[in-house]
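Colleague: In case you want the letters, here they are:
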Amino acid sequence: MEPNLASYLALSGILFTIGCVGVIFKRNAIGMFMCIELMLNAVNLTFVAFSRYYADTTGQLFVFMVMAVAACEAAVGLGIIISFFRNSQSVDVDDASLMKN
Amino acid sequence: MNMFLFAELTVPDPNVSVILPEMIVAVAGVIVMLYDSFFPKQRAVSGAIAIIGLALSAVVLATMWGGNVPATSWNGMIAHDNLRLSFSFVFLFVSAMTVLISTVWVERENVPAGEYHALLLFATFGMMMMSAGNDLVIIFLGLETLSIATYVMAGLRRADLKSNESAMKYFILGSFASAFLLYGMALIYGATGSTNLTEIAGKIAAPNFPVNFPALLLAGGAMMVIGFGFKIAMAPFHIWTPDVYEGAPTPVTAFMAAGPKAAAFASFLRVFVLGLPLVAGVQASGYLHESWTTALAVMAMVTIIVGNVAAIMQDNVKRMLAYSSIAHAGYALVGFIGAGMAKTDQARDEAIASVAFYMLTYAVTNMGAFAIVTLLSQKNDRRTQFEDYNGIGFKSPLLAFSLSLFMLSLFGLPLTAGFMGKILVFSSALGSGNLLVTALVVVAVIGSAISAYYYLRMIVVMFFRERTTEWIAPKITTAIGAVLVIAVIGVFYLGLFSDGLIQRFSRPGAAVITKAEK
Amino acid sequence: MEFESILKTAFPFIVISIGVLMGFQIVLMIVAYTVLGERKLLGWMQGRIGPNRVGPWGVLQPFADLLKFILKEDIVPDKSTKFVYFLAPLVALTCALMPIVVYPFGPAITTVDWSFLPYGLGEGVRALPLTIAKIDVGVLFVFGITSVGVYGIALAGWSSNSKYSLMGGLRSSAQMISYELAMGASVIGVVMLAGTLDLNGIIYAQQQSTFRWFIIPQFIGFFVFLISAFAETNRTPFDLPEAETELVAGFHTEYSALKFALFFMAEYVNMFTVSMMCTVLFLGGWYVPGLSHIFEVGSIPYAVVSHVAFIGKICAFLVLYIWVRGTLPRFRFDQLMNFGWKFLLPVALANVIFTIIVVFFVNR
Amino acid sequence: MDFLSNNLLTILILLPVVGAVLTLAHQAFWKQESQLKWVTLGFTALNFVVSLALFSKSAVAGASGFFFEKNVPWINAIGTNYHVGVDGLSFWLVILTTFIMPIAVLSTWHAVEKKATAFYVFLLLLESAMIGVFVSLDLLVFYLFFEASLIPMFFLIGVWGGENRIYAAVKFFIFTALGSLLMLVAIIGLYFIYADQTGLGGSFDFVAILNAMKAGNLILPAQTGMLLFAAFAIAFAIKVPLFPFHTWLPDAHTEAPTAGSVILAAVLLKMGTYGLMRFNFALFPDQSRETAWIFITLAIIGIIYGALVAMVQPDVKRLVAYSSVAHMGFVILGMFSFTEMGMQGAVYQMLNHGVSTGALFLLVGFIYERRHTRQIKDFGGLANVMPIYATVFIFTVLSSVGLPFLNGFVGEFLIMVGMFQSQVLSVTSTVNWNYVATMIAGTGVIFAAVYLLWMVQRVFFGKVTSEKNRSLADLNWREIGLLAPLLFLMIYMGVFPKPFLARTASVVKGLQERVMHQAGGTIEKTELKPVSADAEHK
Amino acid sequence: MVGTALFFLFAGFAIMCAISMVYHKNPLYSAISLVGVFISLSCIYVTLAAPFIAAVQILIYAGAIMVLVVFVIMLLNLDDDRPLNRLRYLYAIGGGLGVVLLAQTLFVFYAVLRAPNQPVDPNTSAGKTLTIGQAMYTEYLLPVEIVGVLLMMAIIGSVMLARRLSQPQLELVVEREEELRGEDD
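Residue numbers (this note's numbering), protein chains in the order written: chain A, 1 to 101; chain B, 1001 to 1518; chain C, 2001 to 2364; chain D, 3001 to 3538; chain E, 4001 to 4185.
Hint data in this document are derived by calculation from the structure and do not stem from the laboratory. Computed from a predicted structure; not experimentally measured. All residues carry an ideal CB built from backbone N, CA and C; glycine is no exception. Mixed in with the good hints there might be a few duds.
[As the list claims (entries may be wrong)] Derived DSBU-like pairs: lysine-lysine, alpha-carbon spacing no greater than 30 Å straight-line:
#1 Lys2082(C) with Lys2163(C)
#2 Lys1203(B) with Lys1343(B)
#3 Lys1203(B) with Lys4128(E)
#4 Lys1162(B) with Lys1041(B)
#5 Lys2342(C) with Lys2163(C)
#6 Lys1475(B) with Lys3114(D)
#7 Lys3037(D) with Lys3171(D)
#8 Lys1041(B) with Lys2342(C)
#9 Lys3114(D) with Lys1395(B)
#10 Lys2068(C) with Lys2082(C)
#11 Lys4025(E) with Lys1162(B)
#12 Lys2072(C) with Lys2082(C)
#13 Lys4025(E) with Lys2082(C)
#14 Lys1395(B) with Lys3171(D)
#15 Lys3171(D) with Lys3115(D)
#16 Lys3509(D) with Lys3214(D)
#17 Lys2079(C) with Lys4025(E)
#18 Lys2008(C) with Lys2134(C)
#19 Lys4128(E) with Lys2134(C)
#20 Lys3377(D) with Lys3171(D)
#21 Lys1395(B) with Lys3037(D)
#22 Lys3115(D) with Lys1395(B)
#23 Lys3171(D) with Lys3114(D)
#24 Lys3115(D) with Lys1475(B)
#25 Lys2068(C) with Lys2079(C)
#26 Lys2163(C) with Lys4025(E)
#27 Lys2008(C) with Lys4128(E)
[Unchecked claim] Stretch-level coverage of chain E by chain A, calculated; a stretch enters the list once three of its residues show a Cβ under 8 Å from a Cβ in chain A:
#28 4026–4037
#29 4069–4078
#30 4097–4104
#31 4128–4135
[Unchecked claim] Coverage of chain A stretches by chain B, computed from C-beta distances (three or more under 8 Å per stretch; other residues unrestricted):
#32 21–33
#33 37–45
#34 60–67
#35 80–91
Produce the entire structure from the sequences given, and follow the hints as far as they go.
Modeller: Spelled out as structure tokens, the structure:
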């Protein structure tokens, strides 16, 4: 059985699921951020798989844009996490509970 | 030496004049930044540059309204229609107001004004791209431009843990939502083989339905609903809103409540209403359409109820406004569903216009309210509890009555902007004649009745309570004064004489649109 | 024939495996002697003789060193994070060795008739490329792999549970990220002129260009690349992650024996890789001007001479490295960062813009 | 004069707004806040004078039967027009509004000391909104004024009210707003049904919709019609207030300042009954008829309940407030009898209630100003100390109770007779439920006499129980002056109701026929003369 | 045959790494696992005939983003994750969401599996660096420009966030100390 479109999509879906569950299970802002990166990667795989299927460049360009965005998010996000750490000495989301109903 | 294969090249279609408004905003951002790096600490000037840029952009946009502009350009990536124009005006308005509101705060908190204004302008650029984008790529990039700028803005008060927390939550949940949105886009691309909304709509509408994997449309649509739902703070994806709004600096909160939400609505409308249209006769498309309208209708109900009920229980004004913004997203969704279920193109355009108009009214009112909250709050937003407003009504009547007016407009009292907005979205929804939508409108109405409680509470604490502690009315600066004047006039203007504007927003005849040349 | 078909399937893999082995062999030998050469050269520069006991003029010194590394006691710090501690040197060396697969060792040999091979294995084989893998994004591949290499150092620094190591690891990751930008930007000019990301393609493009070597039109790019290359390989004057005088030995303070040897090797292989890139991008790679008039293009002698020229150019760079080490002092960390961000990067970007303008007008 | 008659209603709406703006602007050039009452009084009085132009004989009814009609496009996008006009039904209510306002202003002559500017501004805005409610003929514009009238009242109660004012104000607002928002949905629904069925595009115009209905172009589906009817009816029932939606009323009345209570009783409550007659009866005649039994039941419960609860109130103002519930129950009863007499009586009773209860609240306000208490137990034997006050009070109470020759009697009698003749409720072989309803309602009258007179007895007669009451000053000339027109009206309306009834007759007849599809219970048929006092008076 | 083996090898490795990333409490282990995922995905891109994306994947994700993450983890010297205390209910939500997403994955899988398989033209130019480059500067010019703005903004933003806080109080202390010293002298 050659790997076909469906198998790539399944892989991508599984990775996305793992990332999504990870975001919710992780208590650590950096860990959550990494899980989000995993989700983005899963999406990239979908794009590339479809790009291959349709023999169309669009998907790969989209992936390229996503990577650029991911880089920006990483820069800003880590900056935010560091500035949170500076004030609270923790990156635990449980500690981010100043505001409650 | 050169190995390009020119035969394969797609002809680029760089129509600069079409994106001129966006470009002006972005360039203004760069200028602000450069100016600040050469002449630091001149906050007023950088603000002025920002406002000039926004105003210039608005002027260019206005000339484009009646101008001879192709319907799509940049290889179909930019659409020029009323959706884009009307929403872009909302964004420009929101940003200009934010700049004005921020003046007090920038001074008080010693924020680097140049970077702040630059970020704001880039965020505006992103929003405008979101409303203009006719391709999923543009929408995604616009959304990210907006989001990333907003993440930073939310965390600008770096010494304050609340602000950090707000930024962190916004960042994590925002990117989480982006991932869902992106997955949805990927699946839509997989289903149709294209990311261009015109092409997608064409494929869905074509009689032979040349969509390879119709099931993926459904899955992709669901994922995108989640993604956009996060951005517009639709229940059950609203959980981030109160914390983020409360923690973020007040002017940024004002901006977030009005701008990004409107932008998300713009692209939400474009993707779902224009990109996944209701087409009679194509069973798969009809099924898809029905599923998302139904799901959205239910979510809109939940949104309205959750937003209003939770807002009642808040003691913090910003938090209350946050929940109220959730509820308002619900009301705007009513118009959205109206657009989705519209039977004719004209009705659809009118419904889209009603959402745009609703966002405008919300922006006007909201900006005014937040201007006052900003003015009254001390450094680090210390005075944002309801108790801090006790009995200030007759001590500072101008502020208090303006704030009451905005509260009543948010409630939707007749004669104010809020009423006009509400009646427009409700009527566009009821126009579809669907039973579910009618139920939705009833829920929305009950929701607004509930909302009376917490909006009135503001008036109650300001006017009916006595103040026990000393209170000195803050000086109304020129900028805040300008915001208040604009907002008060806006509230009455939109409430009483909005006819021309609504027509502009809804009637395609207002813009002479030619087909793209190629 | 069962055997025949299996052989036919396996043959390409066998060839590639031989190629890989040969490539690695060449590189590792050169690296080993670079170490010796460094010690010798430094010795001469400082008025010493350098290693001269093992073998005539000390030529067997590398093997003696190797033996010592293997036989020494391997000390693992008690509080270290074991898994990562073991992983780090492996990562470093693997990432250093990976780019070998795209090295353009020489021009493809096209004139040999391979039909003499049994079982018809040579059928249809027209060229024997002197590159292990043909990846048409060679430049990106090299950059990608080397950028992963930083994990080796960073993880080593973190897992050792020593403050010197941690400082070294932090410094190296900051340094690598900073200079990678300038390095990447400096290459863009070359890529634009060549119109390809394939390393062999770039060499061919240089042959066809007016200047033969891209160092002439891209001398700014060359200097930026060279300086960044020093930083990327953690060599003096940018050897802050190791910085013996302040950090003892930086990230590998806690490493000993074979694991230390792996780091050591990785560093020199990286040097070799960077020199290779410099040669390929700016000095025409294996290309020797005028050689095609002497030997037939694609013949074995042509390839051999080209290959020797290639190795020679690389060695010249290696000597430059050693020379610099012998003469220049180390930067301070803030100087390093300022230099990278405020000088190199703008210069590299200016170069890119300048090149864009030139290419645009020349191509019209 | 042409200008005046063309724009009379607009002028009536805008004059108070102008007054409000001037009041607000006083700070710029005239810093004496205490003199603002003169400005307000001037404007309200001027408005009253202008409103008298409604009597002008030269006015001609438009095609739709409305006088002083004005119809200009407002927001085309949703097809709403600024459409105002007045007919027999709204005529007296407009006059009542403009008439009550100067009295309300006068009543607060010394009472309002804090934040006087805002107080007068809100009073003027309130007047504008109330007039707007009675004259607007576009559903959306009606809704707009209906809601707009809430805000000034909300502030009046909330800022200048009693101790429990916040609770009362919020309750008042939310109750009314909830109902009216439902009405808004119904209005929009009607708009689309109109658009769908007539194909003319949507319209909020009451006249247009009514005409379409009459012409048969617009036929409401039964279920939809019932829903729309319910939405309208709930909005108005809350405003009236009909049992069980009445709970906001005692709170609001008790906590409101005197002027607020007067206006609330005299005008605001009438918006509900007016709305029911104007919109529910006209737009949904069948639904009105079918659900009449519910309304009648609730009205009767309201009458009895209001009376019983009033009886045990220790607070005079609260007692009067509960008496309002009972009185408004009568109005509803009359309306839903769907006989000409009953409906006439209902309209008449609206005016009566405005005058009598308004006067009662004024009187309670006067004593409160003097004593700062309203508890019945704090008084006693006031008649000895304040003879004029006692006289006026008792006179007003009698009017409210429905003593013959006074206004209350005419209204209540007409309503009873109307209900007696009614055919809305089912008539079985053994029981005519219409009679039963009338009889039960009749006991309400007795109850009213009981609780009001008992209160009078406890407050005014006997010995002076509290030392503080001994030194109370009697009514001064201003107070007598502002009560005099009310007292005059009580008598005049009691003995000479004809001019009032004559103006409303045609409209009521039309409505009655629209609902019942046949004439019934007309005044001519039932020989009004022996009943009505005007014959004897002549 | 080889393709299948490679796919399952890399896919298995990717999933294992992903699970290990979520499982590990130590953020650095998670980071390393994530790099593993990136690298195996990059290999999968190569098998999908997308070498450019594969290279960029390594370059950007593994080489830039994750290095940054590792850098931050080292800088902050983070401890292991604590178990959830306040937000325990999130386990249920996470589990539910995971099940839903897996169901969707299955849904997508079957939807695509049953769809007619279009043969791919082996000579397609999609995925070649040249094609991508050309598209980037013709059809996708605008997105690339927006990415430029985005990157610039990210730079501004991160500089703003990471810039050292001005500490007026500290300065005051220093000034006072200087004054005192001046007096002493």
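Colleague: Give me the numbers of the hints this structure contradicts, sorted from smallest to largest.
Modeller: Of the numbered hints, all hold.
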